[in-house]
Every structure is written in structure tokens, then in C-alpha cells.
Amino acid sequence: MLVLVLWIVVAVVVALLVVGLLVFLPRRARRGAAPSAPEVQTEAPPAPPGAPPRRAEAPAGEAPGPLQAPLPPEAAEPDVVAPAPTEAPAGPPELRERLGKTRGLLSGYVRALRARSSVDEQTWDELEEGLLRADVGVATTSALLAELRDRVHSGELRGPDAVVDALRADLRQELDTDGNRNLAVAPDATTVWLFVGVNGVGKTTTIGKVARRESAAGRSVVLAAGDTFRAAAGEQLERWAERIGVNIVRGAEGGDPSAVVFDAVQRASARGNELVLADTAGRLHTKVNLIEELKKIRRVADRPPGQVTEVLLVLDATTGQNGLTQARQFLDAVGVTGVVLTKLDGTAKGGIVVAIQRELGLPVKLVGVGEGPDDLVAFDPDGFVDALFE
Amino acid sequence: MFDGLSDRLDGILGRLRSRGRLSDADVDQTLREIRTALLEADVDVAVTRSFVEGTRARLVGDALSRSLSPAQQVIKAVHDELVRVLGGETLRVSYASAPPTVVLLAGLQGSGKTTTAAKLARWFRQQGRNPLMVGADLQRPAAVEQLRVLGRQAGVPVFSETTDPVQVAEAGVAEARRLGRDVLIVDTAGRLAIDEALMDEVRRISDAVAPHYTFLVIDAMTGQDAVATAQAFHETLELDGVILTKLDSDARGGAALSVKDVVGRPIAFASTGERLADFDLFHPDRMASRILGMGDVLSLIEQAEREFDRDVAQEGAARLLEGRFTLEDFLAQLQQVKKLGSLGGLMSLMPGIPKALKEAKDTFDDGQVAQVEAIIRSMTKAERADPAVIDGSRRQRIARGSGTTTTEVNQLLRQFKEAQQVMRSPGMMAGMFGGGGLGQIRQALADRGGELDDLSALASESGLPDLPPGLGSQVAASSSGLGPRGAGATKGRPGNKKKKGGRVTPKANGRHSR
Chain A
1 MLVLVLWIVV
11 AVVVALLVVG
21 LLVFLPRRAR
31 RGAAPSAPEV
41 QTEAPPAPPG
51 APPRRAEAPA
61 GEAPGPLQAP
71 LPPEAAEPDV
81 VAPAPTEAPA
91 GPPELRERLG
101 KTRGLLSGYV
111 RALRARSSVD
121 EQTWDELEEG
131 LLRADVGVAT
141 TSALLAELRD
151 RVHSGELRGP
161 DAVVDALRAD
171 LRQELDTDGN
181 RNLAVAPDAT
191 TVWLFVGVNG
201 VGKTTTIGKV
211 ARRESAAGRS
221 VVLAAGDTFR
231 AAAGEQLERW
241 AERIGVNIVR
251 GAEGGDPSAV
261 VFDAVQRASA
271 RGNELVLADT
281 AGRLHTKVNL
291 IEELKKIRRV
301 ADRPPGQVTE
311 VLLVLDATTG
321 QNGLTQARQF
331 LDAVGVTGVV
341 LTKLDGTAKG
351 GIVVAIQREL
361 GLPVKLVGVG
371 EGPDDLVAFD
381 PDGFVDALFE
Chain B
1 MFDGLSDRLD
11 GILGRLRSRG
21 RLSDADVDQT
31 LREIRTALLE
41 ADVDVAVTRS
51 FVEGTRARLV
61 GDALSRSLSP
71 AQQVIKAVHD
81 ELVRVLGGET
91 LRVSYASAPP
101 TVVLLAGLQG
111 SGKTTTAAKL
121 ARWFRQQGRN
131 PLMVGADLQR
141 PAAVEQLRVL
151 GRQAGVPVFS
161 ETTDPVQVAE
171 AGVAEARRLG
181 RDVLIVDTAG
191 RLAIDEALMD
201 EVRRISDAVA
211 PHYTFLVIDA
221 MTGQDAVATA
231 QAFHETLELD
241 GVILTKLDSD
251 ARGGAALSVK
261 DVVGRPIAFA
271 STGERLADFD
281 LFHPDRMASR
291 ILGMGDVLSL
301 IEQAEREFDR
311 DVAQEGAARL
321 LEGRFTLEDF
331 LAQLQQVKKL
341 GSLGGLMSLM
351 PGIPKALKEA
361 KDTFDDGQVA
371 QVEAIIRSMT
381 KAERADPAVI
391 DGSRRQRIAR
401 GSGTTTTEVN
411 QLLRQFKEAQ
421 QVMRSPGMMA
431 GMFGGGGLGQ
441 IRQALADRGG
451 ELDDLSALAS
461 ESGLPDLPPG
471 LGSQVAASSS
481 GLGPRGAGAT
491 KGRPGNKKKK
501 GGRVTPKANG
511 RHSR
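Quick mapping for you: the protein sequence lines, in order, are chains A and B. Mapped onto the numbering used here, the consecutive letters of the first sequence carry residue numbers 1 to 390. Mapped onto the numbering used here, the consecutive letters of the second sequence carry residue numbers 1 to 514.
A couple of the hints might just be wrong.
Sample of chain B residues facing chain A (criterion: CB under 8 Å; computed from the structure) [claimed, not checked]:
(1) 7
(2) 11
(3) 33
(4) 94
(5) 97
(6) 112
(7) 182
(8) 199
(9) 221
(10) 222
(11) 223
(12) 228
(13) 338
Hints in this document: simulated from the structure, not taken from any laboratory. In this text the structure is predicted, and so the values were computed from the model without any measurement. No residue lacks a Cβ here, since even glycine has one placed at the ideal position from N, Cα and C.
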């Protein structure tokens, strides 16, 4: 197989030689920020003024049992129950509460170094170790600590307490975002939120939770089973649809995911449903064909009557530095607008989101904290940082 | 990001060849780089520390070898140490005297247990066994359904009930006995290591089925959390081994080292893709290279073996060596290469790419590759064979057809022409292939035991010109060069079209190969 290897090398080299100078193409991949659609408005309070209150599917709590009936035909929309209690975007305490179980990763380190009276090499070693353990990563950790070191040198920060407080503040600041963390909704089209990510991160479960949240807030939701590849993926999403009480559009297993999403958007539009949550198959960003497929799904979903206002990268909190690579590649490919950080109820800290915000400008919008339909909270940077330190 | 440990160490140690030994300062700096490399690969902080300290002793006072550069020497030492730690004894599956042999799979949510169960089942079948799978994940919607579908694909039956996980597992054992199945694979629900109730449940499952093998299934992209998870599962279940999944990603996979260190049991299997066949015994040497960011050449070769159409590859190689490489050939080869993943990703796996090209890599993306492809596709066969015929109007047609501009078409043609000339020039080829890059490949292959000679033989058998000097079993980089006709006898196009163990490219599911 040496011949093949030779071939790989040459082919890649040749490819690079040729492609190399096509660098100066005007069309570079999108970076950061929201998708190009100009008239996107952020999530309004639960009772959207213009839309007729369509809540035929009333989520009746957690009761398993008889499946919710499918959406009745449009005409029959008589009794509009009062919208369920507003599911306001979660206030600051919520994230911190849900992560309460494990003691902050850095708390041990912080206590030790506060106990010493001065800032020394050990201080930096311990802080470094703590941050690395939280998956913050070498580059970000080095940058943060270097900056703090300078401030200690200059006399601006004196003593370990000041350093710790400054680090906390810095981390908090790194997680700041220009955009807001709400999920955008299209005023004049059927809104599509596309869920993307690598295998096993929790896209389908997240969609179930988001469907619960949005339904409870008064939106009419349709699920699109855009994962036509994985065994029983459609079934899995269908169970969620039943549980939450929303409609779902499925296609044939092994069929074209774009067609399913398109179909879902068409139907949603025809029925006046506001929001389509589109599932996609897990895919590694390294697989060219699959990324091309994803691009197509996005393009198709973005055609009228649909408008893709959010492309959410679902990211597992246990992921290490590869999370940054994932974010970068998916951002380049389909214009990710935000991150959903899942499984944060475990021992992993998800520190990679700091680098993702810092280097790519991508904010975390939602956090998954369990496997149930209500285990979803808004991302709150204070809560996130607090959970590390306390 | 693709600079790699090798380049960094080159920077530190590059000029040391004249000196006899590595000084303390050299060693310190070197170890810092190694530490960074390991941490960037997600190796646990404490594991990194102990590993680096262990390496220090080896490096201090080491005389610099003459054949390897200092950087290479250091990397080799680290690499060897990694292999030692990751390897140790391979897990050899032995079967219970009273069937069934029970295999229990446990791990976090999303780690790949269900898919792994089916892969294992298939693997056992290949070993001549009769497995049964038990779907004991009653938590995740449609998990059992998923296992059933995979079971059909693997040709292995699946048993489940809607009772509770412990009961299902227990009943599964009885069912295996009833059906005369000699291996039982129990898939369980994903669970957090800190979830006491669920960890207790999995312990009860284990008690109920008395597994002969308990495997922790862990995702190769796991970060620092790997140790906590592995420790918790090991304490609860006493693991026999670890299965590492999603190795087809570009995650460096440092979790492998961390988990091995903590659990002390072999990493038994490696899962390298979504297809059931993408499952193999674990190779410590490849993992070591990967963790160090040096790419995994052997996996690349294997992947190429799986994905490449051998005829196309051989023909392309021949025409390249003969200097008759056209846009058509380029297009064909580009398709092949694309099957291996993104170009950027490939670059990271390949040793020996000149630095300038590596840097260029960061300035383009796969979208641009697609554009190049589009341009070539918009050409007629005649145009691809002889771009000289492309005049203004053809240029415009091509530009329109590919959604680009005539300027871009021009650029492509010009670049390709230059590339053709480079490919014909002896210096470039020898320089690239004689030096470190393929040297490393050669070394890796040689370590596999004498295969290199077979390959040389194979190459000449299939009618290709002899491998140019510098390749093959000689050590030194030779610059005797490569004329357009190759160094050895050439028969023009390879007449022998027989596929030797080549593969008819199957596409698993519809259009996309995963």
C-alpha cells in the first residue's frame, strides 16, 4: 500500500498547489454572528401578538399513556386555553441550582491558595491545573494567567484573594457576548431551528426539551426527523413528539434528510405552525460528504416559507479540546448561531465553551442538565463561573 | 493547530546536532512542549505530569543519535513510552466453560454503547460464535428499537422486555441458555458516574448476570472528565477493559491514556466509524502517534485501503510517475482523497508535508476544493486532457458552468500547469519522498514486520514502474531523482488490471459512505 500512500501524499500536495492560490476568492466562509437574514426578531414574550393562539397540543404534564392526538385540522380551533404559565427565560439562579451536585472544581485549589498569604509560583500552578481540569484548554488558560501575572507584577493585584477574584471576573468576561442568548424567531416566515453536531451529543433529546419549552410558552411546534441515517432515530424523536404533544414529520429511513425538513416546513407553513425544530444525524466534521449534506439541509430549510434563524451546535460537556474544532468546522460549514451545552449535570465542566466564545464569538444559549423534558436551562455565565469556583 | 509537536521540538532542538548531549535546559524546554502536546490532546492533568516526569529520566544524559534529529529522537522516546503505557497485554478473549460468556457494556450517555454492542456481536460472529444481544437500556426512547435494527444488520438476535433493566438482563441470560447462544452482550443505559441511583443499578445488573467481561465504552473526544468517569465505573463494576469509540474523528484521544492509567486494564477495542465493520482490536502504537499529534499513518493507509478504488489509485500513480498526469486524473484522485475526509484533516495525518504547504492549508477550506472540482467538471474531456485548447469562449463557458469567474478558471489552469511541471521535476519528488516524511512511513511499516519488501514486490507485480530509489528498503534519502519515466522499467499504462485484494467500493447507506 505504499503506492497508495504515495498517492495520497501527492494528490493532497497537488491539490494544495492548485487550490492554494484560489485563496483569494471573495467568498470566504461566514464567521460568528447570526445568519444573514436581516429581519429577525428575538423571541417575543410567550403570547405573540400577531399569531392566532394555536395550542391544540396542550402538554399535559409528564403523564405517559394515551398519545396526544395529532393536530386537528385548522378550522377546529375553538377553545383556546389560557396559555400555560409563561416560561420566562431562566433567571440567574437556575443554572447554578441545577449544577449544584458536585463541588466546584476549582474550589479546592482556591481554598489552598487563599490560605497562603502571598502569590507565588505554586499559586499559578494550582490555578493552571484547575483551569485545565475544567477543559478550558492550554491556550486560553495560558492567556488568562499571563494577563493576571502582569497585573500582579504591576502591583495592581495584591494577594491571592485579589487574583482569584480577578480570574473569576475575567472568566465571566470571556463568556460575555455581543449578541443576546435568546433564540431568534422569524416574524414573517416559518421559523426553523436546526440542530447539528457530532454523534452522541444529545441533539434529539435537546429537541424534545426545546419543544417542551416552546410549547409551554405558547408556540406551535413541529418536529422534523432529519436524522434518516441512524437506526431508530426517527422512532426516538417520535417518542419525544408523543411525550411533548407535538407533531412530527418523518421520512423513509435512509431517505433524503433535506426532503424531510422541507416537507416539515411546508406542512408547518400550511397549518400555521410557527416553529420547526429540525433534527439532523450526528456527523463528524471531518467527513466531507456529510458536511456537504448538512449544508444542503440548511439551504433547503432556509427557502420560503421557511427561514433558518438558529443553527444550534449541540456540544457534549464531556468533550475536550475537540469541541473547539467541532465548533469551528460547523461554524464554517453551516453558520452556527449558538451552542447548546449538554450533560452539564455530570462531572465535566464544559470549559471548552470559553475558548469557543473567545475565539469564535459563539455564545452558549442553552444548557442541558438531564435526560428529562424539563432539564433545559438558559445559559447564565455567572452561574457557570460560580459553579466552577464554589 | 497543525504545527504539531514535531515542528515545535524542531524549533527547540533543531540546532543541537553538533552537541553531544541534551542539556538540562534543553530537556526542560522539551518537556514543556511535550506537556503542552499531551494536555492539548486531552490527557488528564495528573497523568500528564507523571508521564512527563517519567520521560525526563530517559532524556537527561541521552547521547544524541546521528541518524535521527534531536527532535525525532525525543519524539521517539516519548512515543515508545506512550506505546508501552497504552499497550501492555492485549486482551485475549477467553470463553466461559459454561456458556454463555457474558459481556456487559457500560458508560456515559452518548458514548456509543448500543452501536458497540452490535459491532461486538458481529465481531463475535466472525470468531465463529453465536451471540445474543440484550437490550437493557429501557431509559432512552427507542433504544431497544435501535438495537433491534442493528441486530438485524449484524445477523444477531436481540432480546428485551419492558420490565426493568436488572430483570431484563437476568432474563437475557436465561434466554441465551434456552437458545443455546454462547455469547451474551448486554447493552445498558448511559449513566452519569455521579448518579448514585443509576450506578447502583448497573452494579445490580452486573451482580445479576455475572459478566465475564465488563467494558467501559468511552468516546475518544472526552476531555479531562475521562478519569473521574473511569474511576467511578471501575470502582463500581471492576472493569476488564475499555472500548474507545469515534476514533474516526480528529480528536487526539488523550482520554485513552488517562483511562488506561486509571483503570489499568487493556483498551480492548477501537471503534473507527459508524458502520458495523468499523471495529477492530486496539493498536497502541497508532494511538501513541495520534495523541502526540503526529497523525496516524497506518490507519490512514488502512482507511485508504478500504475506501480507495484500487484501480483508480494505481492508474493515477502510474500516470503521475510517467509525467502524464492530467486534470482528468487529478479529478479522479481528488474524489478518492475526499473519501478520506477533509483535506485539512488529512494534512494533519500526513507526515512530511513541507511546512509552506501546511501553512497554506490554513488559508483555504474544503469549500474551495469543491470549487476547483466544479471548474474541472465544467470542462469537456478534451479540455481536461489538453488545457491548451481552452480559449476565451471556452473559459467563459467553464466559468459560467461552475459558478466562478474566468479569472478563477485561469488561475486554476495556471496553477495546474505549474504543478505538472513540479511533478515532473526529479528534485521535488525525491526531496519530498526521500526525506523524513516517507522515512517515517517506512519505519512504521518496517515495524509491522517485513511488509515493505512485499510492497515493493507488489508494486512491480502490478506493472508499475519500480519505486524510485529512496523508497523501498534502502535507508538513505537518495536524490538520484526521478525522470518522467521513473527509475525502473516502465510499461506505460499498467496492463495488469487485476485487483489484488482490492475492494469493490460498497456504499453503506444510500449515497454517502461513512
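* Would you settle whether the hint for residue 94 of chain B is holds or violated, based on the nearest Cβ-Cβ distance to chain A being less than 8 Å? => The hint is violated - residue 94 of chain B has no Cβ within 8 Å of chain A, the shortest such distance being about 31 Å.
* Asked: Are residue 33 of chain B and chain A close enough, Cβ to Cβ, to be under 8 Å, as the hint says?
  -> Status violated, d = 11 Å.
* Once the shortest beta carbon distance from residue 112 of chain B to chain A is found, is it less than 8 Å? -> At about 6 Å, which falls below the 8 Å cut-off, the nearest Cβ of chain A leaves the hint on residue 112 of chain B intact, so it holds.
* **Hint validity - residue 222 of chain B Cβ closer than 8 Å to any chain A Cβ** => 5 Å, holds
* **Status of the residue 7 of chain B interface restraint (C-beta, 8 Å, chain A)** => 16 Å, violated
* To do: Double-check residue 11 of chain B for me: the hint is only fine if its C-beta lies closer than 8 Å to a C-beta in chain A.
  => 17 Å, violated
* Regarding the hint that residue 338 of chain B lies at the interface with chain A, is the smallest CB-CB distance below 8 Å? -> 5 Å, holds
* Asked: Does residue 221 of chain B meet its interface restraint, that is, does its C-beta lie within less than 8 Å of any C-beta in chain A?
  -> 4 Å, holds
* Holds or violated: residue 182 of chain B as interface residue toward chain A, Cβ cutoff 8 Å? -> With a closest approach of 25 Å, the residue 182 of chain B hint is violated.
* Asked: Minimum Cβ distance from residue 228 of chain B to chain A below 8 Å?
  -> 5 Å, holds
* **Interface hint compliance - residue 97 of chain B to chain A, C-beta minimum distance less than 8 Å** => Where the cut-off is 8 Å and the nearest Cβ of chain A is about 34 Å from residue 97 of chain B, the hint is violated.
* To do: Grab the minimum C-beta distance from residue 199 of chain B to chain A and call the hint holds if it beats 8 Å, violated otherwise.
  => Check failed: Cβ of residue 199 of chain B comes no nearer than 12 Å to chain A, outside 8 Å.
Comparing the model with each earlier hint shows violations of hints 1, 2, 3, 4, 5, 7, 8; every other hint is respected.
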